[in-house]
Amino acid sequence: MQAKGIAHKYGDNIDTDVIIPARHLNTQDHLELASHCMEDIDSDFVKRVKQGDIIVGGYNFGCGSSREHAPIAIKSSGISCVIAKTFARIFYRNAINIGLPILECEAASDGIDAGDIVEIDFDTGLITNLTKREIYQAQAFPPFIQKIIRANGYLNSVKNK
Amino acid sequence: MMGMTMSQKILAAHAGVSEVKSGQLIMAKLDMVLGNDITSPVAINEFEKYGFDRVFSKDKISLVMDHFVPNKDIKAATQAKQSREFAKKYDIIHFYDAGRMGIEHALLPEQGIVKAGDLVIGADSHTCTYGALGAFSTGVGSTDMAAGMATGELWFKVPSAIKFNITGKLRPYISGKDVILHIIGMIGVDGALYKSMEFTGDGLKNLSMDDRLCIANMAIEAGAKNGIFEVDNITRDYMEHRVTSSYDVYHADADAEYDTVYDIDLSSIPHTVAFPHLPENARTPDNWGNVKIDQVVIGSCTNGRFSDIEAAAKIIGGKRIADGVRCIVIPATQQIYKEAMKAGYLEQFIDAGCVVSTPTCGPCLGGYMGVLAEGERCVSTTNRNFVGRMGHIKSEVYLASPEVAAASALTGRLTAPEEVL
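Line order of the protein sequences matches chains A and B. Mapping the first sequence onto our numbering, position 75 (from 1) lands on 75, and the numbers just tick up by one. Add 161 to a position in the second sequence, counting from 1, and you land on the number used in our numbering.
Rather than coming from a laboratory, the hints here were simulated on the basis of the structure. Check the hints yourself; a few may be wrong.
Claimed, not checked - To spell it out: a stretch of chain A is covered by chain B in this simulated footprint if at least three of its residues, at any positions, have a beta carbon under 8 Å from a beta carbon of chain B; those stretches are:
| hint | segment |
| --- | --- |
| 1 | 57-66 |
| 2 | 75-85 |
Claimed, not checked - Capping the alpha-carbon separation at 25 Å, the derived lysine-lysine pairs in DSS-like fashion look like this:
| hint | chain 1 | residue 1 | chain 2 | residue 2 |
| --- | --- | --- | --- | --- |
| 3 | B | Lys219 | A | Lys159 |
| 4 | A | Lys159 | B | Lys480 |
| 5 | B | Lys503 | A | Lys147 |
| 6 | B | Lys503 | B | Lys480 |
| 7 | B | Lys555 | A | Lys9 |
Stated by the list, open to error - If the Cβ cut is set under 10 Å, some of the chain B residues that face chain A in the computed set are:
| hint | residue |
| --- | --- |
| 8 | Leu186 |
| 9 | Ala238 |
| 10 | Ala307 |
| 11 | Ala311 |
| 12 | Val350 |
| 13 | Asp351 |
| 14 | Pro437 |
| 15 | Ile482 |
| 16 | Gly485 |
| 17 | Ile511 |
| 18 | Asp512 |
| 19 | Gly549 |
Cβ coordinates follow ideal geometry from the N, Cα and C atoms, glycine included.
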């Protein structure tokens, strides 16, 4: 499984309130949520983002509320992968559970700039910065989590059991 | 065999094994699965999409309509309706709607629905509150909630822990909120990422249940998976008339390993306020400066309990709040509302010029009942001060104790209570 796209870069502690503000939590419609993705921190994001693009964050990405609307909004806006130094734990679970690939990698978070074209191989954890001709190694998922991702989400893996 | 923390012992017991280690992935049985009117509809959609047609237990699921209920708009009304219909279809015992409802994390402990030794998940990040009772309790997303409702079990990665050894006694007008804001200021918003925060020590006898619930509630603001307090006589007394079934008490082994141990002397904790826009921006009064405010919110799952309302009433009662300040008081449950009414506190708030509302999470997350305009500032007893959390992206939230919030309402600027006594 691979992804390739343009990087959108953010800092540390990107919280779920800026990913999808609570004033939009009165809906569960994925496209409507996507249309407000990142609006309180980067109002142009929804205009810039293209299918396959990548979000790069710093430490503690996705902190705050447990709203699954946050990874849903990111995934539905076309983002194929989020790379960060660390993820807040509920966001980490939620992303895996809904099938949004996420990778923890300090070197990639430091090395990738906004606008860089990045290619990711999820099987090996290799992140290639095509713009800068750099390669970063992310930690691969443990087998248990790989199984959830292969089943395309947690409920599929539960249902198939 | 290596020693285990309190959290690890509860996880091991619910996974049916004698030992777990940090980092280990386990499947564990759940005692309670919680959702609210925002997260439950997403879970219900998933539950139905995957063709589940029964819940694992109708009395181990709690659905609490607290975030945008009483309904704030048509879309919110539609979501609450979906939850209501699901609760009816599956005969969910612990379904709480407007009129019976309270803010979930105040309501469940109050009603004895969660107890010591339980393994609780909730599709709300502040589910970590129930660690105050000696439960392992953690926030999850809606897919986890759906899986939990269907199967009664969930996967967990066993956390390592940070130990907080509590000693001493809080000074007057200092409360649990100051303690947790002080700790978050010390370790940062990701200082406990993926970990348990375990609170123990002989100072616990000086912390009320309301203080402990407030402290455990904000463990998530340090990134923690859970916060948990050692069970003592104060916990047992609290549960005595609320919890009808038996409960299990787990103590950490003497040789349990901790990533870090902090000593917290309660007598040294000052008034602490988290400045915008992160809960770790903790400041003591000498660093507050002159912060003029437009609004005060006293309530939420963090500080809407009886002792919080009482502390605010004792400062505001008999006085008038400052001109140009809107002070919104929200008792967290119907029971607290009634007790505050009987004690005369609600009348004191109204006479002072405050708004008193039925329980709702409303303003905390910028939903309704106190949304901020551009440039406005609020001193709030809630738990988050992120950009745009309570309204406009150019508004500001200062997280504070009920004592500081009440004093600030009287002066119209961020104020320590000693100044207005």
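Those earlier numbered hints the structure runs against, lowest number first: The structure breaks hints 2, 4, 5, 14, 15, 16, 17, 18; every other hint is satisfied.
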